[in-house]
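Undergrad: Both chains come to you apart, so use the hints to assemble them.
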Amino acid sequence: MNRINWFGFIFISPVLIMVLLFFLTPVVMTAFFSFTNMSTSTGIKGGEYLINQETIKEIKKYNIQKDTIEKLENAGYSINEEGLKIISEKYKESLSNEIKSLYFGDKFTNRKDLERALKKLKKNKIKKTRDRKEIAEIFKESIINERFVSKSIFEENLIKLEINQNDREVIIKESYTGWSWTNNNFKLIYNLPSSYKFAFYTLIYVSFTLTFNVVFGLFLAISTFYLPSKTASTFRTIWFLPRILPPVLYVLMWKWFTWDTGFISQMSTYFGASPKNWMMDSPIHAWTVIVLINGFVGASFGMILFSSAIKAIPSSMLYASEVDGANRWQQIWNIIIPQLRWPIMFTTAYQTLSLLTSFEYILLATNGGPGRSTEVWALAAYHTALQNYAGNLQYGLGATYALVLVIIGIIASLFYLKFFNFKDLVTKPRIEG
Amino acid sequence: MNNYYRSWPITLLLTLISLPLLIMFIFQIIDNFTNPAPGGIWPSSFTLEHWRFLWETPKTGESYIWTVTFNTFIFASTTSIMVTSLSMTSGYVLSRLDIPGRKIFLAGLIMLHAFPTISLIVAIFLTLQIMGLYNTLLGVILVKSALELPFGVWIMKGFYDTVPWEIEMAGIQDGASRFTVWRKLILPQVQPGIAALLIFSFLSGWSEFVLPLVLAPSSDVQVLSTYLSALILDDNKFDFNLFKSVGTFYAIPVIIIYIVFQKKLMNIYGGGTKG
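Taken in order, these protein sequences are the chains called A and F. Be aware that the first sequence starts at 1, since it is given in this note's numbering, and climbs by one per residue. Be aware that the second sequence starts at 1, since it is given in this note's numbering, and climbs by one per residue.
Hints are computed from structural coordinates only; laboratory data are not their basis. What you were told as hints is all true, and nothing was included just to trick you.
If you only want the chain A side, here are some residues facing chain F, beta carbon under 7 angstroms, derived:
{"no.": "1", "residue": "S223"}
{"no.": "2", "residue": "T231"}
{"no.": "3", "residue": "P247"}
{"no.": "4", "residue": "A402"}
Example chain A residues on the side facing chain F (calculated, C-beta under 7 angstroms, incomplete):
{"no.": "5", "residue": "G8"}
{"no.": "6", "residue": "I12"}
{"no.": "7", "residue": "P14"}
{"no.": "8", "residue": "V19"}
{"no.": "9", "residue": "L227"}
{"no.": "10", "residue": "L245"}
{"no.": "11", "residue": "L252"}
{"no.": "12", "residue": "S354"}
{"no.": "13", "residue": "T357"}
{"no.": "14", "residue": "L386"}
{"no.": "15", "residue": "G398"}
{"no.": "16", "residue": "A399"}
Pair ranges (Cβ atoms, derived):
{"no.": "17", "chain 1": "A", "residue 1": "I144", "chain 2": "F", "residue 2": "G101", "range": "53 to 59 angstroms"}
{"no.": "18", "chain 1": "F", "residue 1": "A195", "chain 2": "A", "residue 2": "I17", "range": "24 to 30 angstroms"}
{"no.": "19", "chain 1": "A", "residue 1": "I410", "chain 2": "F", "residue 2": "G132", "range": "27 to 33 angstroms"}
{"no.": "20", "chain 1": "A", "residue 1": "N327", "chain 2": "F", "residue 2": "L48", "range": "54 to 60 angstroms"}
{"no.": "21", "chain 1": "A", "residue 1": "F186", "chain 2": "F", "residue 2": "E56", "range": "51 to 57 angstroms"}
{"no.": "22", "chain 1": "F", "residue 1": "I252", "chain 2": "A", "residue 2": "E54", "range": "51 to 57 angstroms"}
{"no.": "23", "chain 1": "F", "residue 1": "Q191", "chain 2": "A", "residue 2": "G325", "range": "45 to 51 angstroms"}
{"no.": "24", "chain 1": "F", "residue 1": "Q189", "chain 2": "A", "residue 2": "S282", "range": "53 to 59 angstroms"}
{"no.": "25", "chain 1": "A", "residue 1": "I17", "chain 2": "F", "residue 2": "I26", "range": "45 to 51 angstroms"}
{"no.": "26", "chain 1": "A", "residue 1": "N327", "chain 2": "F", "residue 2": "G101", "range": "55 to 61 angstroms"}
Think of the CB as a built atom: it goes at the ideal place given N, C-alpha and C, for glycine as much as any other residue.
Chain F on its own, in the form it takes in the complex (with noise of 0.2 angstroms):
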């Protein structure tokens, strides 16, 4: 727009509102790394001790952090993997395909959509337990994967769409079969689509709280968001820059993929979202 009216003004009052979110960003850093003057909360010293969780051996009863980063791995990379794949094939035959019930499978995949997955924990709970899968790390994957499908085939389904005809059109008349077209010539152009979903359901996946908390509560499947939550509520050790550590540690990755893929991101936060 115009430099007509100064800007200043309106820099200084969101400054003054976004205040608590950069005090608290700037010492969620700092504090990483030092210590504070005795009873207050400048820091006064510089310190590693607040990341000995890296290097110490845990006590019994207590997790070892890379055991827990990798259950997170594992949880968030499988999760994203499988709901990417299968985002893929059925986006595919819900967009370009006339199978019998399509219109049923499309209002499906809206509502779902839309279905606030959280009001399902109880009954999901009690059916992992009927199942024999409480209490693992296959089925928090298995849960957290199919609550993020209907938004995934929605994400993809509208990647399809905007492929054109005359592609698969072409295709089919030189005689490839649907499969090959698919595969050949259709996924290459919504490869922007693949990339972004992998990444959403990655996050989605690692910063995910609650189906941890309730399907798989044990030590030995821990994932980092649990963890980090029981190290704040023991009360036998508080202390508050080495949640902070653990927490800048379990940021990271989220901090990494942000940048390098910030773009694709805002599409896929600003489509159809999740609130």
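One chain only, chain A, in its complex shape (with noise of 0.2 angstroms):
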């Protein structure tokens, strides 16, 4: 490699690497994420084998050997401090000492082992077989609530108690704490009615929001085209600042203006209507606001595109439809919108592929509500995995709500990739040193 491909290297590797963490990991790891049931409950870090009186319950629904959970509780006898200090306040000191020194650590698989070498004892003698068995009880062990860390050493404790591998099976299966691989979130999603509304929600608020979104910007960019520049500045000001202010403070702005305490049920009460929240309403109400604040945001960029089009009109094919006698219908009919068709084409492309994936102004005007009216597919993706009200956060659902919307984010790359001339972008550099 040449002096000048380490520096263009150097260069540009910061970029990638993360572009690569942050941007190119994501878009992997929510196909991966789609294929496992990770949730609040199973965490995400892989999981524990766990025996707990849920697990039982539950092993006791399927078809196993009678014994088997007897055995989970019995898993043998342990020589351990517990054990000898409960010894040792029950009884005598000595006597716990002496276990102590003779079977400290050691392991009974069954109590008649135990009773055997409690009977070896010399200094401190136990001469009734009911003390041997009371005192054999206290250094009992059970599996279960105790955490296994992998499932070979799980397994092997399971087979020490003499279970089948059939009911090994069972066992392992349900008390694994952890995520699992899964495609039922694929059928979940295709299953749940809510999934055809979510889609529905999306499909009516992409086609209100894009369609204001161009006629609005077309209107702006005409209409102050044919404004003395003063004026048109300041219409364009008005009209650009909703784009430039953080979204938290002009959803805010919404808020006050048609909440029951706000502008519009002030209004009304001269009328004589009581006051209501214009927001929350209904869900037509919710709908037309929601359109309404992406609208006012989303059609200062079709102005801005649509306003450097038409100065881009030669002014002289306007001077000579006027000379021709067109009146201004004439003229923006049959001269400006024509040369506005390209930059048409590109808003309404781009902006529909980025409002299918977009929530934000959705998620702090009216948060989904009134019930779901209002939820878009991204906001149900968002909810599912990132925020509940239920606590329990699906995140293996969740990414696959997600994943929806990445296939849609690439095949809007992939357009973008066409709509661009790559060619031009890719003419060789000039200079090789």
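TA: The following block contains the structure:
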């Protein structure tokens, strides 16, 4: 590799690393997560094996051997500190010490073995069989509520308990606390009626907002074109402000405008209507406000693009049309609009794809309500995986919702690649050193 | 254009359509300094009490506005500097150097530029948790910068493309290294682009809401956007005038930057921008 390549490589590598880590990895990870059942309860870092009362209830539902559960409860006997402490409190300290010196750390698979061992004590002989039984019980261990970090260790312990293979598999499956691979998310989305609703809402959201954006952008661009430049720039600033203001503040202003203590309610009381929340009163209200909130921001996108396209029209064309006696309507319809065909197509395509995945303004304004009547697809992904009132966040299912959006994004990007004249971009550099 | 038609009907129509925005803007400012008459919205008395959040010490569990402002500033400025400096270097490489894989990088750049980043939020959330960067300002900064980078590189490449080749060739002829040529000859030529990108990515970071909300929800790394939205969601103190004052406070830098750099910003918004 020559020097120039090294220079280029060093210059571009930070960007490559950043983009790889936080841009491309998430794309792959979305697909990866969508095939898991990750949620708050399974955690995201793999899990442990744990048998608790819940697990036992579940295990009992399977066709397992009668004594399996009993075996789980009686996992053998081991001489440990805890047991010895109880002995010294309940019986004598010397007894505890003798057991410790002889058997500390030893394990006994059944009670008979331990009782036999206890018979061998020299200094503190335990005469009664019942006492020996009681003492042995103190050292009893159970596999229940014990955590195992790996499957092999867990299975080894189950084998020691003489649980047969079929039951072992059931127990291992039921006691796993972590996430596992599954394609249930896709089935679930396919079968749930709500996902069709989300798709339908997204369709409403995109089509209405887009129409508003393009029509309004066009109207603003054309009307300000015919105005004196000072008036025109005032209006452009007014319409540009929503785009530049932080979304949280912009939506706050809309809340003030539409809520029951706000402007519209106040105005309507002058006409004898009682104040109500014009944003959340009904799904129709909510949708109207959402389209307006997004539209007032989105219109400026078209406005800027269209304005600069109109400025690029040779003024001789416009003068010529006036000389020929065209009125403004004819001028707009026959000269300006045809010139704007390309920017209009671009805006429509670009905004369709970015609206499909956007949810920020809806999240801030209605948060999907009233009910779930404004829950678009992207917001559903957000609510499922990242924030809901139930508290159990379904990362896997949420990622599956997001995967649909990622695929749309990839299609969008491919479209973009086609849209730009790629050959122009890859013209070979002229200096080679 | 000519003055052959009268413009007042259009002005009137535009004013009517812009009325909701105008009312919102005007009341946004008025309500910062006034109290409405009981049960109404019209201002009746002057007051500064809506700004008390600036000097009152917050109750336990609430964040202090200046800490939050500081966080926001760190977040926005670090993101902005990172995006700009990295775009400065790799934009040049993509515009001028024939490195192996250039075509793939360029195609990737255009694709990422159009990619709707918000669809990645679930995976980014989980990735940050695995990496241990969840709930840190550093994590949000890295993610925000990475997501802004394709746009930044795109813009900078555009600016480098307009610099005449002759400048560079002259430098090389005189025996300067490629690095020196870039630093001494090319960078001064793309200064408007650097300034525009700095401002744009600062504003974008300052306004960002979803990323801090999802990736850094704890109160010690709160930024102004999440602070304000938490305030609005808090049912215990519902006070629109307070919300609006916090909002105005939050928007002051944005407005100042907008007024000062209006022309530069219009350039970048007009060029290949995000919708």
